[in-house]
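Participant: Take the sequences, apply the hints, and build the full model.
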Amino acid sequence: EAGVAQSPRYKIIEKRQSVAFWCNPISGHATLYWYQQILGQGPKLLIQFQNNGVVDDSQLPKDRFSAERLKGVDSTLKIQPAKLEDSAVYLCASSRDREYTEAFFGQGTRLTVV
Amino acid sequence: AQKITQTQPGMFVQEKEAVTLDCTYDTSDPSYGLFWYKQPSSGEMIFLIYQGSYDQQNATEGRYSLNFQKARKSANLVISASQLGDSAMYFCAMREGQRGGADGLTFGKGTHLIIQP
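As they're listed, the protein sequences go chains U and D.
Under the working numbering, the letters of the first sequence match residues 273 to 386, in that order.
Under the working numbering, the letters of the second sequence match residues 5 to 121, in that order.
A couple of the hints might just be wrong.
Unchecked claim - Derived coverage of chain U by chain D (criterion: at least 3 residues anywhere in the stretch with Cβ under 8 angstroms from a Cβ of chain D; other residues may be distant):
1) 302-314
2) 356-366
Claimed, not checked - Between beta-carbon pairs, the in silico distance windows are:
3) G89/D with L311/U: 19 to 27 angstroms
4) P44/D with K287/U: 15 to 23 angstroms
5) S290/U with N62/D: 41 to 49 angstroms
6) G56/D with R281/U: 33 to 41 angstroms
7) A85/D with V345/U: 34 to 42 angstroms
8) N62/D with L356/U: 39 to 47 angstroms
It is worth saying that the hints were derived from the structure and are not from the lab.
All C-beta atoms in this analysis are idealised placements derived from N, C-alpha and C, irrespective of residue type, glycine included.
Facilitator: Here's what the structure looks like:
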């Protein structure tokens, strides 16, 4: 079974530029999560999808961050415009469905904003 | 207030020894779940073990066990017979309320475990 795929692995951009990250979850997984992990901290949930609907986006900075999962499969997270404090690893995870305790994570995209 | 506290930023342990990683949590919700994840240098988070607040027995998964002390609000991870491959960051996390399995996790800051030969 293929794992959660994320791209790119690394990205360096200047502040005020825009950037997009892509995630392809494990086939058949209905629940998808995006987390932000700042260096030295644990991951923080940004947004959770159930199929193509948003379950929780309470911690997503909606003035600059957006995410979509149009067909209920892969997902894109966008930042526009980026700030220095957005430098972090962005982790995507998927779960078979909401009642399953095990979520599978991708290797993440490391974003550096200069 | 911190919802998840991991007080050990780093630990060095000899190979084959048992390891206990500390985690305390703070919630007023009677229904919650506690998770432990491993993050190796490659970056992905690997699910290790889960304990529900109403579970009567401590969770075990192979070499991993969770020492759940509800009155103390403590959920320590115990790794028996440590191996070199156990070297990684370890995160404790909590889900509050009657939500779904891994919804809305709050993570601690992690413990960096290094196993020495």
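Participant: Decide, hint by hint, whether the structure agrees.
Facilitator: Going down the list of hints, with the structure as the test:
Coverage of the stretch 302-314 of chain U by chain D holds in this model, with 5 residues showing a Cβ closer than 8 angstroms to a Cβ of that chain against a need of three. For the stretch 356-366 of chain U, the assignment as covered by chain D holds, since 3 residues bring a beta-carbon within under 8 angstroms of that chain's beta-carbons and 3 suffice. G89/D and L311/U have their C-beta atoms about 24 angstroms apart, which keeps the hinted 19 to 27 angstroms range intact. Restraint check, P44/D to K287/U: a C-beta distance of roughly 31 angstroms breaks the suggested window 15 to 23 angstroms.
Between S290/U and N62/D the CB atoms are about 47 angstroms apart, so this pair conforms to the stated range of 41 to 49 angstroms. A hinted range of 33 to 41 angstroms holds for the C-beta pair G56/D and R281/U, which are about 35 angstroms apart. Range check, A85/D to V345/U: Cβ separation about 41 angstroms, and the 34 to 42 angstroms hint holds. Evaluation of the 39 to 47 angstroms hint for N62/D and L356/U yields a pass: the beta carbon distance comes to about 44 angstroms.
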